[in-house]
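Let the hints inform the model, and build the full structure from the sequences given.
Number of protein chains: 2
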Amino acid sequence: MQFHGLSAFPVTPLNTGGEVDVAALEKIVLRLRQADVDSVGLLGSTGLYAFLRREEKRRAIEATVNCLQGSVPVMVSAGALRTDEAIALAQDAEEAGADALLLAPVSYTPLTEEEVFQHFVAVSESTSLPLCIYNNPGTTHFTFTPALLARLASLPGVKALKYPSSERTDSAFISSLRAHFPRDFALGFSVDWHAPEAMLAGGDTWYSVLGGLLPAQAMSLALAARQGDGDRLALLNAELQPMWTLFKTLSSLRVMYCAVEIMGICTPVLPRPLLPLRAEECRKVEAVLRELKSV
Amino acid sequence: MQFHGLSAFPVTPLNTGGEVDVAALEKIVLRLRQADVDSVGLLGSTGLYAFLRREEKRRAIEATVNCLQGSVPVMVSAGALRTDEAIALAQDAEEAGADALLLAPVSYTPLTEEEVFQHFVAVSESTSLPLCIYNNPGTTHFTFTPALLARLASLPGVKALKYPSSERTDSAFISSLRAHFPRDFALGFSVDWHAPEAMLAGGDTWYSVLGGLLPAQAMSLALAARQGDGDRLALLNAELQPMWTLFKTLSSLRVMYCAVEIMGICTPVLPRPLLPLRAEECRKVEAVLRELKSV
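Note that the protein sequences, when read in sequence, are chains Y and E.
Per the UniProt record's numbering, the very first residue in the first sequence carries number 1; after that it's consecutive.
Per the UniProt record's numbering, the very first residue in the second sequence carries number 1; after that it's consecutive.
Everything labelled a hint here was simulated from the structure, so no lab data went into it.
C-beta atoms are modelled at their ideal positions from N, C-alpha and C, and glycine is treated no differently.
If a hint is listed, it holds; no wrong ones were tucked in.
Cβ-Cβ distance ranges computed for the label pairs, FRET-style:
1. E:84 x Y:70: 31 to 37 Å
2. E:71 x Y:55: 38 to 44 Å
3. E:125 x Y:235: 49 to 55 Å
4. E:33 x Y:156: 50 to 56 Å
Chain Y is nowhere near these chain E residues, computed Cβ spacing over 10 Å in every case:
5. 31
6. 33
7. 36
8. 59
9. 62
10. 99
11. 178
12. 184
13. 236
14. 247
15. 248
16. 262
17. 282
Laid out in structure tokens, this is it:
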């Protein structure tokens, strides 16, 4: 059941030298444990996996596993442009005690379906950890066809899908997606402003950026969705609309790195070319955090 | 004038260990010198820069510079996801004797205009080499606005633009683009099946994949374009239509790595997840090379 419920994706705080700030990461991860999230999605896109060197990723995994002591499953992104690098990252994650892997078809040269399929075969065969397909065309620029997703889901090690939810979150849509997969395959959704509704409509998982920093709020939504309480979910979602607007206009990653500082957890440094939000944008983030009583 | 005329983009041959096959690279580079191309675009997208480690790129640059002995300017891609890595690559290229840099806004997290601008500022300030903006949304997934291109062109180190040509290659379009740039700024075009026409219509440069392996054929087109001989250019372009069709359907990168083997130059290994063309696709490439009397 590690691919069910709320999977919280924390930021990875870096210091000015570009190294993982382990103490700050532990603070963030402890918040997740305290809120009883169902899993931690370490080194996701929000966790800057694409920008971090192998040894920094390893330090982040070791610190997180050590901090959680098996209380919450840890899923780690093994995405890389090269197959051999993805395999090395998968092996690092397994050795460091991760429970599952998230694998995105990171691309530069546009990839063919067969190339992505063989990439997943190679990585899944290199590890005993279960694997979640990371479908995020906004960053990887690869669009999965339903046929490819079904083919990947038939691989023994591939157990889950992280799918970017959109306006279409009704149960007919969820069922039509689910029809491509084996019975025990976990179908989960990213994009925070739609994913809880997708969960209400039958999705197994909410892969959440908000949950990585405000896990209590995200757990409330996840709980309402799991209990089938659409009215309560709508109410909670309405309260979070100002945050969703910030995510849409300023990007959830940049908003979260700003929020972690406003909340006094740490002062993370984004790896260039990424730039922090401007002062007036940070004030908007602070205002929303105040409304949510998170600062 | 290093950003004018035919800039030939060779493949970077790798051996089974993933290392640059220096002897094979030298063979390819010597063909370019013999054909008297105007510059070599080393480690472009076709040259796999996105997939190669820093030390391999350095070996490729050193071998090429050593082989050409200053007879042809060498432009090298310094593109990287992180600004500090792009700076390191730029410094490596300068130390190894390159003459110019090509810089793409490689992205994973979608970048803002300001982030890309500051990235170019940082890299251009780190080197004394002139810099060419690499505009290739198909791989970088960043779309330059005309305003950002104009702002970048005003930086002292930024001297040229590699722009992906499209159906619109008339002189009114070229002039409208040129209006954004300083007088001595070099405006050149990629996408082989349109770029020679863009050169005929007033472009300064053809950044050519074909030129990296069949430089004599590419030089004929570049010469016709420079001489304003539209009839001859149309004739030569018609002869190359079967090759352009292969480029469009199988991707120019994969076609070139197949062609280099068919031509007996070497047996390069693509870095996974990239896969070589299938046997029946290679036979099509061979048939076209025979038509062009290149095998």
